[in-house]
Amino acid sequence: MRDPMRFMFVGDSMTIGRAGDFTWRYRMWQHLNASYGGPYAIVGPRTGLYDAHADAPVSHAYGAPDFPAKAWPHLAGWGEGWQHMAPVIRAAVAAHRADVLLVSLGLIDLGFYTNSDQTALYAREFIAEARAANPRVRIVLLPVIPNIRADTDPAFAAEVDRFNDLLAKAVADLDEPSSPLLTASRPASYDIHRDTYDGTHPGPSGERLLAGAFADAMRQAWGLGAPYAVTARRVGDRAERG
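Numbering-wise, my numbering comes out as the position in the sequence shown, counting from 1, plus 97.
Hints are supplied without guarantee of correctness; some may be wrong.
Said to hold, decoys possible - Derived pair list, reagent style SDA-like, types lysine to any residue, alpha-carbon separation capped at 25 Å:
#	residue 1	residue 2
1	Lys266	Leu279
2	Lys266	Glu222
3	Lys266	Arg291
4	Lys266	Ala255
5	Lys266	Pro277
6	Lys266	Ala153
7	Lys266	Ala192
8	Lys266	Ala254
What the hints assert, rightly or not - Label pairs and their in silico Cβ distance ranges:
#	residue 1	residue 2	range
9	Ser275	Asp248	34 to 42 Å
10	Met102	Phe253	23 to 31 Å
11	Ala149	Tyr210	18 to 26 Å
12	His157	Leu218	29 to 37 Å
13	Gly296	Pro162	22 to 30 Å
14	Pro277	Phe209	29 to 37 Å
No wet-lab data here; the hints were simulated from the structure. Because the structure is a prediction, the values reported are computed rather than measured. Each residue gets a CB set at the ideal place from its N, CA and C atoms; glycine is no exception.
Whole structure, please, built from the sequences with the hints as guidance.
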């Protein structure tokens, strides 16, 4: 029997989620169950959701009762960005033997910590550190997606666009056959008024779009799994709170 493919989710508040959320990690778990066709594991050093009352990632109140604890692991944090993850990714990849990193970072950096040039340098550092732990690691990177600040602040929107260009350049510069890098496509239909609960954090429809962006990138580039739309039809939709 072949070893399981080990996936690690890396991200900020949009990835960790808050108490009561389903999270796009749940949608990806559904997708892998329905389409991967081989053994896999979801790995990482953390398991919790952000609890606003405690102001800490101490909740395990996931919105979906069928989301098992073995699929909760991640490396995501409320208020954390590329500059926070770059110093810890080597140890996380090594400890959990991650094969594939699904990364959604950048908004929090640009919003609170660094400009586009500095953020892009942290992204390059992150890639180097992940490869130091596993020279054959695969990484899928999601650009910064639409958000309420970019919708109302033209200067910030320009920084987001510049960072996304720099991230694409980093992928082009650093991609290697032995350790492939992918840039997932920003979901074309993503609407902050419909797909988020506050202009930034995804609700159920936004979670599906984010999971679909990663799933379709892996399918198109690596032949891994099925198109996300196929999974969505198999899983089906139901009323869910955002």
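Is 22 to 30 Å respected by the C-beta to C-beta distance linking Gly296 and Pro162? holds, 28 Å
If you check the beta carbons of Met102 and Phe253, does the distance land in 23 to 31 Å? This hint is violated: roughly 37 Å between Cβ atoms.
Determine whether the Cβ-Cβ distance between Pro277 and Phe209 falls within the hinted range of 29 to 37 Å. holds, 31 Å
Given a hinted range of 34 to 42 Å, is it respected by the beta-carbon distance of Ser275 and Asp248? With a Cβ separation near 40 Å, Ser275 and Asp248 satisfy 34 to 42 Å, so the hint holds.
Holds or violated: the 29 to 37 Å window for the beta-carbon distance between His157 and Leu218? Given range 29 to 37 Å: holds, Cβ gap about 35 Å.
Is the Cα-Cα distance between Lys266 and Ala255 25 Å or less? With Cα atoms ~17 Å apart, Lys266 and Ala255 stay inside 25 Å; holds.
Next pair to validate is Lys266 with Leu279; report whether the Cα-Cα distance is within 25 Å. holds, 11 Å
Holds or violated: Lys266 and Ala192, Cα atoms, limit 25 Å. violated, 29 Å
Holds or violated: 18 to 26 Å for the Cβ distance of Ala149 and Tyr210? holds, 21 Å
CA of Lys266 to CA of Arg291, is that 25 Å or under? Answer violated: Lys266 to Arg291 is near 31 Å, above 25 Å.
Tell me if the straight-line CA distance from Lys266 to Pro277 falls inside 25 Å. Within the cut-off at roughly 14 Å; holds.
Agreement of Lys266 and Glu222 with the hint, judged by alpha carbon distance not exceeding 25 Å: holds, 14 Å
The structure does not agree with the numbered hints 3, 6, 7, 10 stated previously, though it agrees with the rest.
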